[in-house]
Every structure is written in structure tokens, then in C-alpha cells.
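Residue numbers (this note's numbering): 517 to 817.
Wrong hints could be hidden among the right ones.
As the list claims (entries may be wrong) - Beta-carbon label-pair distances, calculated as ranges: (1) L558 <-> G704: 31 to 37 angstroms; (2) S695 <-> L753: 26 to 32 angstroms; (3) S654 <-> F543: 47 to 53 angstroms.
What the hints assert, rightly or not - Once the Cα atoms are required to be at most 25 angstroms apart in a straight line, the calculated BS3-like pairs of lysine-lysine come out as: (4) K813 <-> K707; (5) K690 <-> K707; (6) K628 <-> K690; (7) K571 <-> K628; (8) K690 <-> K813; (9) K812 <-> K690.
Think of the hints as simulated: they come from the structure by calculation, not from any bench.
On a predicted model such as this, the values are computed, not experimentally measured, just so you know.
Think of the CB as a built atom: it goes at the ideal place given N, C-alpha and C, for glycine as much as any other residue.
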Amino acid sequence: MTPVQKMGHVDANKRIAQKTAFGFFTFLSYLVVIILFVILILFVILGFIIINGGKVISWEFLTSAPEDGMTFGGIFPAIVGTLYLVLGSSLISFPIGIMSGIYMNEYATNGKIVQFIRVMTNNLSGVPSVVFGLFGMSLFVNTMGFGDSIIAGSLTLALLSIPLVIRTTEEALKSIDDSFRHGSLALGASKLQTIGRVVLPMAFPNIITGLILSVGRVSGETAPILFTVAAYFLLQLPESIFDQCMALPYHLYVISTSRTDIEASRGMAYGTALVLVIIILLVNLLANALRSYFAKKVKMN
517 MTPVQKMGHV DANKRIAQKT AFGFFTFLSY LVVIILFVIL ILFVILGFII
567 INGGKVISWE FLTSAPEDGM TFGGIFPAIV GTLYLVLGSS LISFPIGIMS
617 GIYMNEYATN GKIVQFIRVM TNNLSGVPSV VFGLFGMSLF VNTMGFGDSI
667 IAGSLTLALL SIPLVIRTTE EALKSIDDSF RHGSLALGAS KLQTIGRVVL
717 PMAFPNIITG LILSVGRVSG ETAPILFTVA AYFLLQLPES IFDQCMALPY
767 HLYVISTSRT DIEASRGMAY GTALVLVIII LLVNLLANAL RSYFAKKVKM
817 N
């Protein structure tokens with residue numbers, strides 16, 4: 517190859533490298549613009565809810581029951597009912613989901629069984645929530661005789677969130693290097709001790725992420741509680757798990773679609789939406805704080 521040909525070859529490589537770098541940075545700039553646009557949309561939605569809902573929020577709104585066809589008064593029964601349902605579904609779904617994830621990653625040796633379970637959990641994650649509502653009504657409300665109650669709604673919401681908890685728990689356990697397991701077993705610890713004292717504490721910060729997502733999904737669902745627990749209007753708080761309750765998502769749906777006094781109920785709707793957003797935000801902040809705490813604890817140990 518002559519010197520002229522070598523120079524031409526080098527120039528061609530430089531041009532290719534320049535075009536590649538230019539295309540890469542152009543793609544990054546477009547990606548940044550898209551991300552900023554999505555963030556802008558999020559702030560616009562939140563700002564709209566805060567501006568309109570902030571006009572309604574007051575101590576009386578948060579601590580009193582609805583009045584006058586739910587066009588006046590407060591949403592205290594709906595707040596309490598939502599917290600009951602979130603707590604009830606979490607008490608059911610968290611242990612089952614975490615133990616299932618541990619079994620799939622730490623104990624199951626048959627690859628076909630694990631693959632089958634994984635496919636089924638992925639399919640369940642994609643099932644519409646209204647289907648879970650119909651199933652919960654058929655099984656828990658009618659067949660098991662719970663009726664429209666907190667226990668029926670909690671079980672239905674737990675079924676909705678269990679696949680998400682299983683998948684995130686499994687992925688969190690997979691992220692722990694096997695050298696920690698082998699080292700623990702080499703020191704004489706049993707498999708159960710290794711999982712309980714080594715693997716789970718290290719994976720727990722990531723497991724919390726799945727729990728956060730499941731709580732966020734459960735607290736905003738309307739269709740499952742519509743068929744299993746939600747009441748249109750209740751003045752008194754539930755006294756047992758077999759009572760009906762109001763819930764913020766269903767309350768928001770009712771006052772937004774009712775034909776009573778649209779103008780009067782619109783403020784209630786914005787206020788209810790803002791309270792629901794604040795509850796989810798507080799739950800996420802609490803869970804993130806716990807995640808940071810356990811992550812620091814793992815690093816210290």
C-alpha cells in the first residue's frame with residue numbers, strides 16, 4: 517500500500533469514527549430531551565393536582581366523613597379504608613412473595629419447574645386488575661362466604677401484588693454473588709442459616725424495591741375493590757375485617773362520575789386525588805429510608 521493510499525485509509529477511518537461519535541452524541545441529546553419532556557409532563561400533572569386539590573385540603577376535609585351525596589364534607593373513612601386494604605394485602609403478599617422468591621432462587625433444582633413458575637408469575641403480572649376483581653368476587657366473596665369485606669379485598673389485592681414481589685425478590689437474590697454463600701457454607705453454617713444471616717440481609721435493600729412497587733400498585737387499584745369490598749357511602753368506620761369500607765380510588769371514581777352536582781364534587785375529586793398521591797409518596801419515602809438504612813447496615817457489617 518502506497519503512502520497516499522495509507523493516508524486515504526486513515527482519513528476514511530477518522531471520518532467513520534467522527535460520524536459514529538457524532539451519531540452517538542446526537543442520540544444522547546435526543547434521549548436527554550425525551551427524558552426532560554417526560555419529567556415536564558410529570559410535573560405538569562402533579563402541579564395540576566396540587567393547585568386544584570390544595571384549595572380543598574383542610575383539617576376538616578381529612579378528618580370528617582362525606583356529606584350531601586359526597587359533594588361536601590371530608591374523606592376520612594376513605595383514607596382509613598385505603599390504609600386497611602394496603603396493610604391487609606401487604607401482610608398476605610409480602611411473606612408469600614418473599615418465601616416464593618427464596619424457594620425459586622435458593623432451593624429449586626429442577627429448571628423446568630422454576631421456568632414454569634416464572635412464566636406463570638409473568639403472565640399473572642400482565643393480567644388486568646379487573647380480572648383479579650372478578651376472581652376475588654367469585655372465590656372470596658361468594659364461594660368462601662366472606663361477602664364484601666376487608667378480608668376479601670385484601671386477599672384479592674394480595675393476589676394482584678404477589679407476582680411482582682416474587683420476581684423482584686428473585687432478582688434481588690440473584691444479584692448476591694455465590695462466593696458469599698460458599699464462604700458461609702465452608703465455615704459450617706447450614707443452608708438456612710446462610711440464607712437468613714448472609715443472603716437475605718444483603719438482598720433486603722433491593723427486595724424493598726419490589727415491596728414499594730407492590731404497595732404503590734395496590735393503593736391505586738379500583739377494579740379489584742369494586743367487586744370485593746368498596747362501599748359507595750359509609751359514615752362509620754369498619755369494626756372488623758368482615759365489614760365493608762370506603763377507599764380513596766373508588767371514592768375518586770364515584771365522585772368523578774356521579775351525576776349529582778358535578779361542580780361541587782369536582783373539588784372533592786381533586787382533593788381526594790391529591791391525598792392519594794401524598795399517601796403513595798409518603799409510603800415510598802418511608803420505604804426508601806428503610807432501604808438506605810439496611811444498605812448502610814450491610815456495608816458496615
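Status of the hints after comparison with the structure:
In this structure the hint that L558 and G704 lie 31 to 37 angstroms apart at CB is violated, the actual value being about 52 angstroms. At roughly 52 angstroms, the beta carbons of S695 and L753 sit outside the given window of 26 to 32 angstroms. Between S654 and F543 the CB atoms are about 50 angstroms apart, so this pair conforms to the stated range of 47 to 53 angstroms. With a C-alpha separation of about 22 angstroms, the suggested pairing of K813 with K707 holds against the 25 angstroms cut-off.
Simply put, K690 and K707 have alpha-carbon atoms about 16 angstroms apart, close enough for the 25 angstroms limit, and the pair holds. At most 25 angstroms may separate the alpha-carbon atoms for a hinted pair to count; K628 and K690 meet this at roughly 18 angstroms. For the hint linking K571 to K628, the alpha-carbon distance of about 56 angstroms lies beyond 25 angstroms, and the restraint is violated. Distance check on the hinted pair: K690 and K813 sit about 20 angstroms apart at the alpha-carbon level, within 25 angstroms; holds.
For the hint pairing K812 with K690, the CA-to-CA distance comes to about 20 angstroms; that is within 25 angstroms, so the pair holds.
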